[in-house]
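Sequence lines, in order, name chains A and B. Note that the working numbering has the first sequence beginning at 1, numbered continuously upward. Note that the working numbering has the second sequence beginning at 1, numbered continuously upward.
No lab work stands behind these hints: they were computed from the structure. Certain hints may be false.
As the list claims (entries may be wrong) - Listed next, with one range per pair, are the computed distances between beta-carbon atoms: (1) A/G38 x B/M231: 42 to 48 Å; (2) B/D48 x A/M1: 25 to 31 Å; (3) B/M231 x A/M1: 32 to 38 Å; (4) B/D48 x A/I2: 22 to 28 Å; (5) B/P150 x A/I2: 32 to 38 Å; (6) A/Y46 x B/V163: 43 to 49 Å.
What the hints assert, rightly or not - Sample of chain B residues lacking proximity to chain A, with all beta carbon distances greater than 10 Å (derived): (7) P27; (8) Q143; (9) S155; (10) P158.
Note that CB positions come from ideal geometry on N, CA and C, so glycine has one too.
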Amino acid sequence: MIKGTVKIDAKICKGCELCIIACPQNALGLSSNFNEKGYRYVQLIYDACTGCTNCALVCPEAAITVYRQAKPAKKSQVKSE
Amino acid sequence: MNEKLLLEDGTELEQVFCRPDTLTDVPYHYCPGCGHSVVHNVLMEVVDELDIQDKTIGVAPVGCSVFAYHYMNIDMQEAAHGRASAVATGIKRVLPDKLVFSYQGDGDLAAIGTAETIHTVNRGENILIVFINNGIYGMTGGQMAPTTLPGMVTSTSPYGRDVHMSGYPLKITDLVAQLPGAYFVTRQSVHNPNAVRKLKKAVTKAFEYQMQNKGTCFIEVVSNCPSGWKMTPVETIKYLEEVMFPYYPLGDLKVPKE
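Put together the whole structure using the sequences plus the hints.
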């Protein structure tokens, strides 16, 4: 399984939860803390992220940066080498 | 985009998605879950990808997105209420090499600016019109707009929109699709990741057609208004799917003949 992770800018997150319902792995959840603006921000609560970028696409605040493991080289390429 | 991250177990991760460079660092003033910000992000991602930051000019409307020029790091002009497409026409005629888009809401484009919009498309002005339809006047407190659905409760129709008194919702995208000046007319949404991907493709196509001087491109985005609809953002997504999309079906209304 390809591994990924997200970095969420808690300062600008408004806790609208749209990323939570967009996540196919259910890896995101609301924090019990509040940010400077008084919103409960979103954080990665479960280490199952695959780096699919779904959460970042629907994030209205553009607060999510997505990282993903590089795809392994294809078998045909490995053979030719 | 080539930034890398090393995890504790030694796995190296590549950055695959980040905030578009063309967006300024100013946090949005929009309510939590608002579709406007997603459309801003998509527009600026396309500007980044096509590398057209120095030759794109946007026209901001009156409405919630009146401060669009605070967030988009491109040349922008504020227009009077409803006149964004007329202002965009003027800019495009004076500076034909630039890529011009107008960004308008439903109270702006479909109510006070109906004449400007229809005549701009009818003249086949070579601009892109982005139309955000959330069925309500969001900025002024959720009043009934021409695009409000029958029976929809707003602050000026507390018992639901009565079609005998207020008429039927105006499908302005269907109207402009009939006009010969329109080159590419489509209705998209931002309610889930796939819809956002489709919108991005449509915006990319529209800018490419504008580079080829093809005619007016018109993109309607059916969006939400959590504050105006008095719902949570997650509830608005359900409302969009169950109530808005049957009346405003998504898809291309006019595609160029190859």
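Against the range 42 to 48 Å, how does the distance between the Cβ atoms of A/G38 and B/M231 compare: consistent or not? 20 Å, violated
Non-interface claim for B/P27 versus chain A (Cβ beyond 10 Å): B/P27 is in fact no farther than 10 Å from some Cβ atom of chain A, at 5 Å.
Do the beta carbons of B/M231 and A/M1 sit within 32 to 38 Å of each other? For B/M231 and A/M1 the Cβ distance comes to about 36 Å; the hint holds.
Please verify that the nearest CB of chain A lies beyond 10 Å from B/Q143's CB. Holds, because the least Cβ-Cβ distance between B/Q143 and chain A comes to about 23 Å, which exceeds 10 Å.
Range hint 43 to 49 Å (beta carbons of A/Y46 and B/V163) holds or violated: For A/Y46 and B/V163 the Cβ distance comes to about 48 Å; the hint holds.
Taking the Cβ atom of B/D48 and the Cβ atom of A/I2, is their distance within the range 22 to 28 Å? 25 Å, holds
Least C-beta distance between B/P158 and chain A, which was stated to exceed 10 Å: 26 Å, holds
Tell me if the beta carbons of B/D48 and A/M1 are separated by a distance inside 25 to 31 Å. 30 Å, holds
Range hint 32 to 38 Å: satisfied by the CB atoms of B/P150 and A/I2? With a Cβ separation near 47 Å, B/P150 and A/I2 fall outside 32 to 38 Å, so the hint is violated.
Given as non-interface: B/S155, partner chain A, CB spacing beyond 10 Å: Label holds. Min Cβ-Cβ 22 Å, cutoff 10 Å.
Violated hints, listed in ascending order, are 1, 5, 7; each of the other numbered hints is respected by the structure.
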